[in-house]
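> This is what each chain is made of:
There are 2 protein chains.
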Amino acid sequence: MQYPNGRKSSAFTKLNHTGQTVYSNRGMSLEDDINDTNQYYLTHDIAIIHKKPTPVQIVHVDYPKRSAAVIKEAYFKQASTTDYNGLYKGEHIDFEAKETKNKQSFPLSNIHQHQIDHMKQIVHHGGICFLLIRFSLSQETFLFPAEMLFSYWEQQNNGGRKSIRYETVKKRGYIIPIRYQAKVDYLAVIDQYYMENGGTKNGR
Amino acid sequence: MQYPNGRKSSAFTKLNHTGQTVYSNRGMSLEDDINDTNQYYLTHDIAIIHKKPTPVQIVHVDYPKRSAAVIKEAYFKQASTTDYNGLYKGEHIDFEAKETKNKQSFPLSNIHQHQIDHMKQIVHHGGICFLLIRFSLSQETFLFPAEMLFSYWEQQNNGGRKSIRYETVKKRGYIIPIRYQAKVDYLAVIDQYYMENGGTKNGR
Chain A
35 MQYPNGRKSS
45 AFTKLNHTGQ
55 TVYSNRGMSL
65 EDDINDTNQY
75 YLTHDIAIIH
85 KKPTPVQIVH
95 VDYPKRSAAV
105 IKEAYFKQAS
115 TTDYNGLYKG
125 EHIDFEAKET
135 KNKQSFPLSN
145 IHQHQIDHMK
155 QIVHHGGICF
165 LLIRFSLSQE
175 TFLFPAEMLF
185 SYWEQQNNGG
195 RKSIRYETVK
205 KRGYIIPIRY
215 QAKVDYLAVI
225 DQYYMENGGT
235 KNGR
Chain B
35 MQYPNGRKSS
45 AFTKLNHTGQ
55 TVYSNRGMSL
65 EDDINDTNQY
75 YLTHDIAIIH
85 KKPTPVQIVH
95 VDYPKRSAAV
105 IKEAYFKQAS
115 TTDYNGLYKG
125 EHIDFEAKET
135 KNKQSFPLSN
145 IHQHQIDHMK
155 QIVHHGGICF
165 LLIRFSLSQE
175 TFLFPAEMLF
185 SYWEQQNNGG
195 RKSIRYETVK
205 KRGYIIPIRY
215 QAKVDYLAVI
225 DQYYMENGGT
235 KNGR
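Just so you know, the sequences run in chain order A and B.
All residue numbers for the first sequence refer to my numbering, where the first residue is 35 and numbers rise by one.
All residue numbers for the second sequence refer to my numbering, where the first residue is 35 and numbers rise by one.
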């Protein structure tokens, strides 16, 4: 099966997210790690979580005889939802993943209002929703529950700080174990945080 | 919010699925109806179900100064999953939608093996999974549970018929009510079929 995590497309979705292909020269990006992890989950029948294709507004397509249609003009569209969703132990999983080069904080400018709106809907309807934050320099990746993100988002909208301190992410979020096969084993945190103690999941 | 069901993109995803923009001159396609229905579900806080963007393999992108990146060469990729998924009453919903001009049967050639594989995974992990089949000429749309689809798929793989008879779809599937706002109100069938009697949903 062809998954949207093929290097090529992944390079371009990275490009779509960040406006540049970051870290292509210093190992795997968060997206690559997540795609590999999701592939591991899939092949080991643990969960079915896919990255959504990059939304593209197609303007012009050519149809050469005896060969595949060629898109000649298209533009990157802003996604209306988060990038990843799927199914784990009967639960709907929905998350966004962002990495920052900042050391001290995660800039909320990485998130868009419509993504927050979507995440609120997911939580409201009983899905498991979170943000994966990677601090690239320390190569630490945290799971930050959507419900916590909302409060910082509101603070920002009310004139508060436009970022979440690294210390806050570390304290209120959950560090994700790095494993050889599941490079960002976020489901381990889900098991611990949502499945065991119910966490802040809606209706639990 | 911009949803992937904007007419333009929808026209092209239709094109991607069928190789041609069908019925553009005879009213709404099944995809348009589903997108409108999902929009209705969303705005009325009933469910969060989106169509996935059309997977595109991007080969060449231009970056003009002071304007948006332009994709200059790209190709349609075969989707690795179904087209629609989301969250309804805490349940993971996953489905594919196909329309046929045939009167007597639904050709299984509309479905790909990797989609069947994906649907089996969804069912196995406790998601609600089905196929929406529209017979364009009669304008009837049916919900056909994935578990039933699997059996006909196996029959085909074992040399059986390569389509599902209209009468079978009508008998074993569930006709979807046409409503003014929710044009293909498939969640009405889900309520009746999965939520009430448990249906064939895995683990119910």
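Check before you lean on any hint, since a few could be wrong.
[To be verified] In silico contact screen, one side only, chain B against chain A (beta carbon under 8 Å); selected entries:
| hint | residue |
| --- | --- |
| 1 | Y109 |
| 2 | Y118 |
| 3 | L121 |
| 4 | K154 |
| 5 | I156 |
[Stated by the list, open to error] Straight line, CA to CA, 16 Å or less: simulated EDC-like cross-link-like pairs of lysine to aspartate or glutamate:
| hint | chain 1 | residue 1 | chain 2 | residue 2 |
| --- | --- | --- | --- | --- |
| 6 | B | K123 | B | E201 |
| 7 | A | K154 | B | E174 |
| 8 | B | K106 | A | D96 |
| 9 | B | K154 | A | D79 |
| 10 | A | K106 | B | D79 |
| 11 | B | K106 | A | E107 |
| 12 | A | K106 | B | D96 |
| 13 | B | K137 | B | D79 |
If you're looking for bench data, these hints aren't it; they were derived computationally from the structure.
Just so you know, even glycine gets a beta-carbon here, dropped at the ideal spot from N, CA and C.
> If a hint holds in the structure, say so; if it doesn't, say that too.
Hints, one by one, checked against the model:
no.	hint	result
1	Y109	6 Å, holds
2	Y118	12 Å, violated
3	L121	4 Å, holds
4	K154	10 Å, violated
5	I156	6 Å, holds
6	B:K123 with B:E201	31 Å, violated
7	A:K154 with B:E174	35 Å, violated
8	B:K106 with A:D96	11 Å, holds
9	B:K154 with A:D79	11 Å, holds
10	A:K106 with B:D79	38 Å, violated
11	B:K106 with A:E107	5 Å, holds
12	A:K106 with B:D96	11 Å, holds
13	B:K137 with B:D79	36 Å, violated
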